[in-house]
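Student: Now for the letters of each chain:
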Amino acid sequence: MTTGDTAELQRLLEEQRRRIEEVERRFESLAKVVIPIGVALLNSSNFQELLEIILLRAMDLCHADGGTLYLCDDQKHLRFAILRNRSLGVALGGTSGAAIPFDPLPLVDAKTGTPNHRNVATYAAVTGRTVNIRDAYDTSAGFEFSGTKAFDSQSGYRSMSFLTVPLANNGGRVIGVLQLINATDPESRNVVAFEPGVEPVVESLSTLAAAALEVCLREEGLRREIRELHVRIDQGKREREVAAIADSDYFQDLQRKVRQMRERS
Amino acid sequence: MTAKIVSIHSFRGGTGKSNVTANLAVLTALRGLRVGVVDTDVQSPGIHVLFGFDEAHIKTSLNDYLWGRCNVEETAYDVSEVLGPDRPERAQIFLIPSSLNTGEIARILREGYDVSRLNDGFHDLLTRLELDYLFIDTHPGVNEETLLSIAISDTLIIVLRADHQDFQGTAVTVDLARRLETPQVALLLNKVLPPFDVSALGRQLLDTYQVPLAGVLPLSEDMVRLASGGVFCMHHPEHPVTRTLKEVAAGLR
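Protein chains in written order, with this note's numbering: chain X, 1 to 265; chain B, 1 to 253.
Do not rely on the hints blindly, as some may be mistaken.
Stated by the list, open to error - With a straight-line Cα cutoff of 30 Å, these simulated BS3-like cross-link-like pairs (lysine-lysine) come out:
no.	chain 1	residue 1	chain 2	residue 2
1	B	K191	X	K237
2	B	K191	B	K246
3	X	K257	B	K191
4	X	K32	X	K76
What the hints assert, rightly or not - Covered stretches of chain B, as calculated for chain X (at least 3 residues, CB under 8 Å):
no.	segment
5	66-74
6	174-186
7	225-236
FYI, nobody ran anything at the bench for these hints, they're computed from the structure. Cβ coordinates follow ideal geometry from the N, Cα and C atoms, glycine included.
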């Protein structure tokens, strides 16, 4: 075996070791992070609380400073359902009770009628793909971040790294988008890019989140239907049906006999 | 006390009518009373299952009485075991089953029967078995025997679910009961899903039908789990469903 062969073998072994470590890390994330979050989601039947659990747990998982969860209720728009930013102390939507002042993002371009690929969130919603962006201000990714930049200029914040993951239901239909902002290095506290390795973990979490949201929405719809149930009677039909029976010989005979019976007793 | 006849009726099947009948009968018997339960649902009999009564023991059924083959008291079976070992001294419960024989069921459907004989049978049961209460589990819908049951009853309990077809059908039944001058008519709302605003719906029902709401029973997981494996109140004596049924039973005239 030559020195070159040995070096190649060592490189392969090192690569193999890294792969095993990566698989182990992913397994550990699933077992220790995603599954417990899934359990927490199962235990919540309050929709706003559910939104909050999904967003905050995803932020914790990726050491993100901020995040937004969008929902597409009508398949035409992505609406801001909950927004959090830790360093700014901003909490809108969810259980905060504070309304989010941003307009919904159209999923279809009104002028051209084509899918809206301009915003990263709408792109994730219409394509069903995860997008990991190192710096929103670097225009090479081709997305428009005008909303983000407006937010930054008002608040003095600097949005940088974005991880945007679609929330797809069992049938593959996207029901919302989870967007995490500014991954933070736990030691240096510097804003860094989202590690590509975390993407599949957040995607797994998103699958659970979509399922929990769907169940919750279905239950809420059912509850609303039940609450709004009114006793409505078709009076014409009622009178016709009663008359058809009450006019019969049998009924009139019965009526007479019962009256006599009651008078006797 | 004068013996009383209580009919349990529903406009459609699946409302839990037989379950309500069996439970009200048991809760009434447990007050130390003699109670009879007639299964007049001759087209699809089933209440015997709730009493754990083996159909192989049916020698003569309500059908035999209706065809004049026997006296009505010969169709009554003592099922008091269902009341448990601690039942009050006088408490007794008799079941008058309908035939499960398909030939007999077909004959009833084909030929009908003399409804006035059913009326005589009810009264003979009251006197010959010295009953305090006779509960009639009726066939869903409106036909001659349900009208007769409604007419001769002291109390009519209409079991309904919170859905539009039941609301409509109940309106018809209430009107007919009013014309037949049934002394006590009450509604029992069954299988209600938890988030219901019961008081608002109760007010609507009272406004619509002008008859009182005797009780509201939630759709109970425990009830579903028991399926038809027994009389619910004996298996779950402290359950909210049992408490409501007890109040309904206590409110019977």
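Student: All the hints need checking, so say for each whether the structure fits it.
Tutor: Going down the list of hints, with the structure as the test:
1. Between K191(B) and K237(X), the direct Cα distance comes to roughly 26 Å. Compliance with the 30 Å bound is thereby established for this hinted pair.
2. The hinted pair formed by K191(B) and K246(B) meets the criterion: a straight-line CA distance of about 17 Å does not exceed 30 Å.
3. The straight-line distance between the Cα atoms of K257(X) and K191(B) is roughly 36 Å, outside the 30 Å bound, and the hint therefore fails.
4. Under the criterion of a C-alpha separation no larger than 30 Å, the hint pairing K32(X) with K76(X) is inconsistent with the structure, at around 36 Å.
5. Here the segment 66-74 of chain B counts 0 residues with a CB under 8 Å from a CB of chain X, which misses the bar of 3, and the coverage is violated.
6. Closer than 8 Å: that is the beta-carbon criterion, and the segment 174-186 of chain B has 5 residues meeting it against chain X, so the requirement of 3 holds.
7. Counting residues of the segment 225-236 of chain B whose beta carbon lies closer than 8 Å to any beta carbon of chain X gives 0, which falls below the threshold of three, so the coverage claim is violated.
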